[in-house]
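**Q** The listed protein sequences correspond, in order, to chains A and B. For the first sequence, the tail end lands on 381 under our numbering, and the numbers increase by one without skipping. For the second sequence, the tail end lands on 437 under our numbering, and the numbers increase by one without skipping.
Hints in this document: simulated from the structure, not taken from any laboratory. Some hints could be false.
Said to hold, decoys possible - Covered, in the sense of this in silico footprint (three residues per stretch, anywhere, with C-beta under 8 Å from a C-beta of chain A), are these stretches of chain B:
1. 85-98
2. 143-155
3. 162-172
4. 376-384
Unchecked claim - Residues of chain A clear of chain B, computed beta-carbon distances all greater than 10 Å:
5. Arg5
6. Ser72
7. Ser134
8. Glu147
9. Leu224
10. Arg304
Every residue gets a Cβ at the ideal spot worked out from N, C-alpha and C, and that includes glycine.
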Amino acid sequence: MNISRPKIFRPFREIVTDRHEYAKKWKAKTGGKVIGYFCTYVPEEIICAANILPVRIIGNNEPQTITDRLCSRNKWCPFSRNCLAEGLLGNYDYLDGVVLGASCFHTQEVFAAWVKHIPLSFWHYLFIPGSLQSTSADTCLVGEFEEFKSSLETWTGASITTEALDRAIETYNKNRQLMKALYELRKYEPPMLAGSEAMQTVLASQLMDKSEHNNILKEVLAQLSDGKNNVEPAIRLMVLGSENNDIDLLRAIESWGANIVIDDHCVGSRYFWGEITPHEDRLRAIAKRYIERPPCPTKDFPLRRRLPHILGLIKEFKVQTAVIILQKFCEPHQYDLPAIESGLQELHIPSVVIEIDAPISMAQIRTRVESLIDMLRVDTY
Amino acid sequence: MNKTKYKTALLDCWPMMKELRRDHFKHTWKAGEKGDLVVMGIFEWFLALCAGFGDYANPSYGPYYTGILRDKEKALTCFNTAESKGFKRDICASMRCHLGQLYMGLTEKSPKGDTVKPDFILQPAACYAMSKTGQIVSEELGIPYLNLEFPTKDSGNTRAYLTTEMQEAIEWMEKKTDRKFNDELFINAVQNEWECMVLWARICEMTKTIPSPLDYRQMWSLRIPNITSRHKRETVTLYRILFDEVKERVAKGISATPYETARLFHQFLPPFYALNIFKEPWKYGASFIGGDGAFTSMGAWMIHEDGTWEAAKMPHERGVNISTREAALEALADLYLGYLPASRCTLTVNQKEAAKMIHDWHVDGVVLMIDRGCKTLSAGQEEQIVELKDAGIPTMVYEGSHADFRDYNEIATLNRLDFFLESLGLKELDEFKEGQQ
Ligand code: SF4
Ligand code: SF4
Numbered sequence: 001m002n003i004s005r006p007k008i009f010r011p012f013r014e015i016v017t018d019r020h021e022y023a024k025k026w027k028a029k030t031g032g033k034v035i036g037y038f039c040t041y042v043p044e045e046i047i048c049a050a051n052i053l054p055v056r057i058i059g060n061n062e063p064q065t066i067t068d069r070l071c072s073r074n075k076w077c078p079f080s081r082n083c084l085a086e087g088l089l090g091n092y093d094y095l096d097g098v099v100l101g102a103s104c105f106h107t108q109e110v111f112a113a114w115v116k117h118i119p120l121s122f123w124h125y126l127f128i129p130g131s132l133q134s135t136s137a138d139t140c141l142v143g144e145f146e147e148f149k150s151s152l153e154t155w156t157g158a159s160i161t162t163e164a165l166d167r168a169i170e171t172y173n174k175n176r177q178l179m180k181a182l183y184e185l186r187k188y189e190p191p192m193l194a195g196s197e198a199m200q201t202v203l204a205s206q207l208m209d210k211s212e213h214n215n216i217l218k219e220v221l222a223q224l225s226d227g228k229n230n231v232e233p234a235i236r237l238m239v240l241g242s243e244n245n246d247i248d249l250l251r252a253i254e255s256w257g258a259n260i261v262i263d264d265h266c267v268g269s270r271y272f273w274g275e276i277t278p279h280e281d282r283l284r285a286i287a288k289r290y291i292e293r294p295p296c297p298t299k300d301f302p303l304r305r306r307l308p309h310i311l312g313l314i315k316e317f318k319v320q321t322a323v324i325i326l327q328k329f330c331e332p333h334q335y336d337l338p339a340i341e342s343g344l345q346e347l348h349i350p351s352v353v354i355e356i357d358a359p360i361s362m363a364q365i366r367t368r369v370e371s372l373i374d375m376l377r378v379d380t381y
Numbered sequence: 001m002n003k004t005k006y007k008t009a010l011l012d013c014w015p016m017m018k019e020l021r022r023d024h025f026k027h028t029w030k031a032g033e034k035g036d037l038v039v040m041g042i043f044e045w046f047l048a049l050c051a052g053f054g055d056y057a058n059p060s061y062g063p064y065y066t067g068i069l070r071d072k073e074k075a076l077t078c079f080n081t082a083e084s085k086g087f088k089r090d091i092c093a094s095m096r097c098h099l100g101q102l103y104m105g106l107t108e109k110s111p112k113g114d115t116v117k118p119d120f121i122l123q124p125a126a127c128y129a130m131s132k133t134g135q136i137v138s139e140e141l142g143i144p145y146l147n148l149e150f151p152t153k154d155s156g157n158t159r160a161y162l163t164t165e166m167q168e169a170i171e172w173m174e175k176k177t178d179r180k181f182n183d184e185l186f187i188n189a190v191q192n193e194w195e196c197m198v199l200w201a202r203i204c205e206m207t208k209t210i211p212s213p214l215d216y217r218q219m220w221s222l223r224i225p226n227i228t229s230r231h232k233r234e235t236v237t238l239y240r241i242l243f244d245e246v247k248e249r250v251a252k253g254i255s256a257t258p259y260e261t262a263r264l265f266h267q268f269l270p271p272f273y274a275l276n277i278f279k280e281p282w283k284y285g286a287s288f289i290g291g292d293g294a295f296t297s298m299g300a301w302m303i304h305e306d307g308t309w310e311a312a313k314m315p316h317e318r319g320v321n322i323s324t325r326e327a328a329l330e331a332l333a334d335l336y337l338g339y340l341p342a343s344r345c346t347l348t349v350n351q352k353e354a355a356k357m358i359h360d361w362h363v364d365g366v367v368l369m370i371d372r373g374c375k376t377l378s379a380g381q382e383e384q385i386v387e388l389k390d391a392g393i394p395t396m397v398y399e400g401s402h403a404d405f406r407d408y409n410e411i412a413t414l415n416r417l418d419f420f421l422e423s424l425g426l427k428e429l430d431e432f433k434e435g436q437q
């Protein structure tokens with residue numbers, strides 16, 4: 001298995017594995033509230049400024065039937081159904097509230113079911129314009145963030161001060177800088193960390209206190225900069241597509257002869273790329289970052305911003321091949337597929353599309369990815 | 001079981017509806033010659049917006065959609081074309097049909113074979129699939145594209161966003177076409193749009209009557225001018241006449257079908273290419289008398305706390321005066337965010353609604369299609385099924401697709417519908433005559 005140094009990333013691995021325990025302990029330690037959020041367009045900075053821990057709601061990639069009555073398995077993507085399953089199974093029983101940043105209909109549907117079937121004292125629906133490129137989107141987004149901020153204030157009974165927002169912005173920006181620094185190490189040949197380790201790091205940051213994540217990440221970076229590199233050279237591969245938090249899948253892909261050197265995923269670069277530029281109007285500054293971040297396909301029109309960004313990453317990270325991961329029934333990413341495939345072809349980047357369900361059918365995926373890697377090996381060596 | 005035999009009669013305004021539909025189609029091809037705007041896109045919302053430039057045509061993303069869906073061979077070619085370009089089967093089937101037309105070179109082709117060049121694409125983004133289809137068509141054909149977002153939440157903020165977007169859309173269209181927007185035409189069109197949608201809801205309300213003056217199959221056809229041309233005066237005239245006629249039918253006890261042994265609802269989208277599902281219950285004397293697919297396309301409804309659906313009131317009936325562009329834009333935002341149930345996110349659906357409708361329309365059974373292709377209009381489906389079943393309302397669920405015949409097993413579905421009707425205690429009638437139209 002091609003992983004750099006397991007010990008270095010152990011803290012993140014443990015948090016990802018015991019994410020519910022982590023949040024419960026945080027709650028016990030701080031006496032604070034925890035909010036579960038759907039979709040990375042939720043402005044966590046505002047939640048953090050209210051001294052609340054934001055944790056991303058994710059499923060566990062296992063087959064389940066508990067959601068069948070509420071979300072047909074022939075229509076809704078397994079990721080969204082599994083998020084709801086975690087809630088219905090009671091695994092998120094420590095949450096005080098939930099918030100949705102509206103993107104695809106799948107998450108909206110699951111959020112609606114969550115609000116109805118898992119009553120909590122707080123829920124909020126953030127409308128995030130799909131037309132983020134439109135000139136009126138920023139005012140709308142600022143308006144949404146203002147409503148969200150005041151509903152949090154009403155719920156907690158405490159106002160969110162400008163100073164608190166500044167602290168949160170600073171913490172989140174720091175995290176983005178550190179994550180970017182970590183990703184820089186993937187540009188090396190061989191990269192200084194494995195793709196699964198990068199994903200673990202991003203996922204942990206979506207599940208834990210950001211300041212704590214920053215502290216651990218600083219140590220990780222310090223340890224990685226000791227000049228040693230345990231990663232073996234291999235085909236440089238990019239993963240992109242639908243939501244995917246399956247670290248085992250990434251490990252498997254790397255074990256078949258590739259190094260995952262970059263991604264375009266929301267449990268990946270899309271989450272932390274792009275910082276907040278300070279502005280007198282804090283919410284406007286936050287909104288600007290969410291408008292300008294690498295877009296999710298549900299927010300990528302009339303012009304395509306996502307494709308040039310992906311192609312840019314391919315060049316920057318010297319990618320040789322790509323695996324496009326699609327959740328079954330994920331219409332947003334299916335729509336982008338033809339344009340992405342032809343963009344890759346123009347750069348002579350061979351790729352395969354793999355469709356994932358819960359559970360993932362590893363044997364099928366292996367055949368396809370291995371033949372892609374083998375083909376490149378023949379060409380390269 | 002209600003075995004009463006009712007009087008039936010043809011609808012007098014049926015030919016008028018057909019003529020309006022024909023005119024709309026013909027105008028699509030003549031608009032360019034006449035110097036009218038040609039607006040591409042699934043332009044079914046905010047129709048008044050383009051009316052500020054006078055008459056305009058809307059060929060959707062190609063004019064052959066309905067024809068293609070009805071012809072399995074053509075539909076298959078069309079879907080295969082889209083799929084061969086990489087658009088997978090989980091993408092909305094309607095949009096795959098449009099993408100198929102695009103790659104088959106049909107999008108801008110008139111039936112005579114000449115090319116009709118649209119001025120621009122204006123896509124009210126009722127769903128993600130529409131926005132993305134607009135993008136792809138724009139890229140392929142080099143047509144300027146504007147996406148007009150349809151917020152999924154109703155609040156002061158989203159209303160302000162929508163009105164700003166519409167204002168910006170007007171300016172954008174002026175620039176793209178070098179034409180001047182006429183506020184008076186726009187204001188009149190907004191009033192027409194409102195009136196058609198209110199009238200349609202009022203007509204739908206009358207199907208609560210036993211016997212129902214209209215059945216679902218008729219409603220499915222009658223709603224078309226309301227979808228395509230409700231900003232026009234002649235469409236208002238049609239629905240005023242229809243409203244009076246339906247009222248008279250109610251007064252005289254004229255029924256859409258000879259029997260109403262059971263009154264059925266069809267919720268969500270039906271298979272567009274197999275609407276004979278609406279006739280299947282006739283042999284049992286049962287009839288589909290309503291359902292949200294027709295009620296909400298395009299009806300303006302107020303939904304009360306207890307789940308009651310009531311036709312909305314016209315702005316002037318609520319003391320709202322529409323005499324400026326700003327007021328007209330606000331009235332449009334009000335109409336679509338406040339009164340069109342189909343545009344809501346599941347979160348805001350009142351959980352008592354479905355059962356209350358079933359009660360108010362005196363419905364004996366509900367039939368629903370799980371449509372994997374449309375995530376938008378089928379949102380909330382599972383919740384509704386649970387709600388209906390919990391309320392003890394007989395419900396039949398079948399799987400299908402509104403536009404892709406390959407995802408619909410007609411024989412199995414009709415057989416299931418027969419079993420369902422028999423489970424309601426119905427038997428096939430010896431004496432059975434088809435209703436009109
Ligand atoms: S994987 Fe696709 S369908 Fe599922 S929640 Fe994400 S964008 Fe939506
Ligand atoms: S059928 Fe549904 S998914 Fe398709 S365009 Fe219409 S609303 Fe959108």
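**Q** Counting residues of the stretch 85-98 of chain B with a beta carbon closer than 8 Å to any beta carbon of chain A, are there 3 or more?
**A** With 7 residues close enough to chain A, the hint holds.
**Q** When I compare C-beta atoms, does the stretch 162-172 of chain B have three or more residues closer than 8 Å to chain A?
**A** holds (count 3)
**Q** Is the Cβ of A:Glu147 more than 10 Å away from each Cβ in chain B?
**A** Given a closest Cβ separation of 6 Å, the condition is violated.
**Q** Using Cβ atoms and 10 Å as the threshold, tell me whether A:Ser72 really stays out of contact range of chain B.
**A** 6 Å, violated
**Q** Regarding the assertion that A:Arg304 does not contact chain B, is the least Cβ-Cβ distance greater than 10 Å?
**A** 7 Å, violated
**Q** Does A:Leu224 sit more than 10 Å from chain B, CB to CB?
**A** Nearest chain B Cβ is 39 Å from A:Leu224, so the label holds.
**Q** Just to make sure I understand the rule, a stretch counts as covered if three or more of its residues have a C-beta closer than 8 Å to a C-beta of the chain. Does the stretch 376-384 of chain B meet that for chain A?
**A** n = 7 at 8 Å, threshold three: holds.
**Q** Would you check whether the claim that A:Ser134 is not at the interface survives, using Cβ distances to chain B and the 10 Å cut-off?
**A** Check fails; 6 Å does not lie beyond 10 Å.
**Q** The stretch 143-155 of chain B covered by chain A? Criterion: 3 or more residues, Cβ-Cβ distance below 8 Å.
**A** Coverage by chain A holds here, the residue count being 9 at a Cβ distance below 8 Å.
**Q** Does the claim that A:Arg5 lies off the interface hold, with its Cβ farther than 10 Å from every Cβ of chain B?
**A** Check passes; 40 Å lies beyond 10 Å.
In summary, the structure is inconsistent with hints 6, 7, 8, 10 from the numbered list given earlier, while agreeing with the others.
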